[in-house]
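Trainee: Chains as they are written, first to last, in my numbering: chain A, 1 to 693; chain E, 694 to 1318.
Bear in mind the hints are in silico, worked out from the structure with no lab data behind them.
Because the structure is a prediction, the values reported are computed rather than measured.
Among the hints, a few may not be true.
Interface residues of chain E toward chain A, partial, derived using beta-carbon atoms under 7 Å [stated by the list, open to error]:
no.: 1; residue: L1013
no.: 2; residue: A1102
no.: 3; residue: R1140
Even for Gly, the Cβ is constructed at its ideal location relative to N, Cα and C.
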Amino acid sequence: MGTYGVAVDVGGTFTDIVLCDLESNAQRVFKTPSTPEDPAVGFMTGLARILADNGVQPSEVVHIFHGTTIATNSVLENRGAPVGLLVTEGFKYVLEIARHGMPRLANPHSWVKPDRPVQPRDCLEVRERTGYDGGLLLPMDEEGVRDAADHFRQAGISSVAVSFLNSYANPENERRAREILYEALPGVAVSLSSEVLPVYREYERTITTVLNAYVTPRVSVYIENLKNSLDDFGISAAFSIMKSNGGTIGSAMAARQPVYTALSGPAAGVMATGQVAETTRIEDCISFDMGGTSTDVSLLRNREPGMTLNGKLGEWPIQLPMLDIATIGCGGGSIAEVSPYGSLTVGPSSAGADPGPVCYGNGATRPTVTDANLALGRVNTRIAGGQLVLDRDAAERAIDDNIASQLGLDVPSAASGILKIANNAMVGAIRNISVERGHDPRDFALVAYGGAGPMHAIDVANLLGIGTVVVPLHPGIASAYGLLVAEFKNDYARTFLQRPPDYDLDGIAAVYSELEREGRDWLREEGVPVASHSLARSADLRYAHQGSELTVQYTGTGTESETNGSQLDRDGLENMVAEFHRRHEQLYGFSLEQAVEIVTLRVTASGQVGHVEMSRISVGGDGVRRAAVERRQVFFEETDGYVSCPVYHRGGLRLGETLKGPAILEGMDSTVIINPGWDALIDDYGNCIMRAS
Amino acid sequence: MTVSRADTKLAPTDKTQPSSLVDPVTRQLIRGSLRAARLECELIIERTAMSAFIREKKDYTVSFLDGKGQEIYGETMGSDIMGCVWEYYPAGSMCPGDLYWYNDPYISQGSITHTPDMVFIAPVFYEGETVAYCHSFAHFWDLGGARPGSIGPANTEIFHDGTLVPPIKIIDRGKLNDEAYRIILRNSRYPDLLEGDSRALMAAAQRAQERLLEMFDRFGKATMLAAIDQDQADTAMMVREKTLEAIPEGEYSVRDFMDHGGVGDEWHSFHLKLSRQGDNIRLDATGSDDQSDGSINFIASGGALKAYFGQYFHQFDPSLLANHGLLAGVDDVQLRSGSILQPEWPAALGCRAHTFTKLKGAVRAVLAGATGGNVMAGTAVYVIAYWRMKAPLADRDTSAWLLCTDGIAVGHGARPHADGLDAIYQRHNENYPGEFMEMEYPLRLERYAISTDSGGPGKFRGGCGIMRDVRLLADEGTFGLRVENNLFPAWGVAGGMGGGVSRVVLNPGTPEEQEVRAFSDDNHWKKGDLVRIYTAGGGGWGDPLERDMDQVLDDVKDGFVSMRSALERYGVVIDPATMTVDEDCTGGKRDSIRESRGPTKLFHRFEYFDSEEEEFEWVCKHMPR
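Pulled out of the complex, with its shape left as it was, chain A reads as follows:
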């Protein structure tokens, strides 16, 4: 009997599955259409198929890793539960007023505030008050909480968020409120801001807590149902879910704090990029995940992705630690159009999965980036192993009618214009994420995946001055690979303001040990062996009066010691402050001889149950010749016209084989374009490593 791990990544269009033999490391992949109404259906169908196809018994599966968009979609599609919010007296409108937020480039004549997940009528106030230092200024009016519970019951509310002012400094009132709510409203879920996000800034903390409350009922039902289905199927494996921070947590934890799983899919892709970087021995790279409606990019230094506290879920800020991923509203389905005054624009409107690009033949008439690729011969008319036949004539006609004839261009020029404009948008975004973190993109390699990434990667690299592009063996299912390789990881944080020169060392040590205790308890609960436990301390620091902080690592002693956790090393603290000055200089170009405040303390708990690696491909002899499919006329920007270009079947290529651009590699899930002036090498993991020659 074998032991297998299965990764299931449910995306908008496809559910991607990787089956991994945990002993031999052999991996098999499978793709099946997603079932948006109930994603569990696609999940179970795909799982059953991949096990059957490979002769694996359900009982042999020991671990299931899952990436899900259910929390995200509940928010984006307004399909959460009816939520009530309990706030401190005076702050009923905290969500409505927010930060006065209006997007920087929004048009004031047309912009409309998005509807909040909870309306003011269901935001109730209770008399209570905590000071910024945690001091109790006003005891909580418990009767007021009971009255609120009555209102919630009458309003049919099934999930309540509690967010009191300054509760990050003292959660006592929030916890007592929860006790009362549990008594008065049996069966109702309660999310506390002091647990979901115990850091300062009341709007951001409240909206994050409300979103958690909003998605909790749906996510917990989903997870419960999935576990039942797995049980019925005979799988009693550990079940973990990907978080936005690039780590996984057990499904029980995910059901309690589902908002942490919001960016699960893109995060998994970035974790796969880290793995690709490791196998190709590249230190610094940029992940480039171009899909149907959008493109996600992120920066990895020393194979480690950056983290941010300024993430967004739809319209809403969520200040949870998450991978620093920038999203551009441009993908294969982005629509090209000519404005009334003659400018050619690409995106952000998208043809989506339905009707999709014109060439899919589902009735769309407005040309997309995919149509432009097809019209230029860059993609085959038969894709996904021939399962899908594309209509090139229709694509050309749409480009001609909507773009070329309007602008007085021929079809190839219009189509290549669409691609250039899309690529230009990517370049701007990649530059911004690099600059934001103080780096020059030319020092990085580009790791391209997603359905469209490998087609655009070299054009984008050329514009950025990037000399190396890597496309993994299965670029269309990179996220599912990411699920397999990710660690267990959870973040714990508490705002604990300390002003110099008298940092309260004992106080800081006490907060750290409490956070570490929570982290260790959780790792045990997940069954992570103690030897693999890792607890990393960090803190958010700022200059006095600054409104935002930088997170820096604490590297002094006092970490990872279960018995001696309350000690704190003054040198370690000073090193941390020195690191803050250095990071400030690197990111912002200057540092100051000014007092540094410690604002929020953080602990990241992580560990691994087993280690999965990517599987290697076999060595071959004359793969290139065997893999050749055809030659066809393909348009490249460099040649500004069609050239005869060899096309290969990607799966037929073997280790160590080299190719010279122009060339095209066609796979089940994606097409790789090797531009003129670039060479490609297939490495032992099947990665296609391309370099500008």
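Dock chain E against chain A, hints included.
Mentor: For chain E alone, kept in the frame of chain A given last:
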């Protein structure tokens, strides 16, 4: 004296002739690259500036100008940024690596309109020629002057508003002019913040310059210059067409009022007349009042007024760049020297936001006349409170005064298709979290709520203002208030009614309750005192009796509209026991209001009126100066 500052004419190109010099794809690539470069440089400012005003409130921009000083892309809003620089440093004398700096509103003739706004300019040299200029801009925290924060309601001379920086070369071929820099920093109460902020702006202008150079390399000089010209011409063509489309032959005039000038009790007003004769579009503001003794004077420029119009029309095709072409809608602008829109030296200018926010709104009011009300209604003027206090914290230097510049939201005008925005400051500026204020200052935020009934009634309701309670925990302090719309609310349009007014109360609900002058400074408060600010709302759009009954009910449930206002303004009868609308009674109530009220008129503020003369007469009678 009448000054007319007509800018270089931009002849609208013939639309039937497609722009043939640069192909449309390259042009879009250049636009996209400009947008990305601007974003990148603005990011540098946001990430590196020191003061909360820039970092949290985000009051900054980066723009690109062509060799003639005309905007390629950005937010200079028609200002002649380069004119005053060239007077001191002719274009021919500039060198690569130079960086220029100024904030002087008078020398720049209003390209900068109050002293905290600092401008940095990097010339861009390509093949030995100055092909462009890059411009960074932000609102600074303190430049000395009468009180912390420099500008303020009670100032009466520009000298009270802090250090004036005439155009200077702060970096000469890469070398910082340290002497000048030290003088400017020395004059601030918070030199660290000033240094951090100015470094951020210098870095942004320099990076912008690098990015433009890269673009000249990538696309070639001839292509870049031609594409810039064509983009300006395209935007000009669109603005011109839309202007002529929207405005029939004739004259349209509006007047708006400012509560008072900071000193004295008299209201002030400006007057704006738009006329079209044939294809000639003219703006005349010479009928405005004389300049104020206080701080609300606004140095308007012809370019700025033209740009306000252009910006309005730019919404119809945002794929075109906001550039110098925005100015093409209006041929000629008349301003009167010595008026509130063209004050004479050395009038104070700090609180000019009161005047220019209303002036921007007046552009819409003029167009309301031309379009039968198809515009956004009047918006309230954004609010700033200057909380000043002696720090009581043991680990602080207790002799120092702390300043908290608190930007506070107001209600915005209702649109022909949607309600006005509730609780927005001004575009992208953000507020301070209460938890940040409490952590950082001896203040406690006790209430931050929607101000019920502050939004002007209408088929689409004006946005509501807010209510903010701040308590002082330090032993002593003062506060300044930049709160407008205390007497004159925002106007409603197309049957919509005016917004609610602002109000400030000290210690409300206690025996010591006291009204505070809304626009004032040097107000004293002591430990335990609480200041409550109600900010004003936006005007409504359309007849409130036509508002959907369920929307009125929702507004009542959510606290935007009171039961009383629902009944009296909207004619909606709600049963308080069931919180449902009584439709029959509502029909009757609406009929009876309609009958007693009579027909609506184009504008509303205090009363319905159709012409500015009609309102002026009413104001002079009921609110004599």
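Trainee: Can you give the numbers of the hints that this structure goes against, from lowest to highest?
Mentor: none
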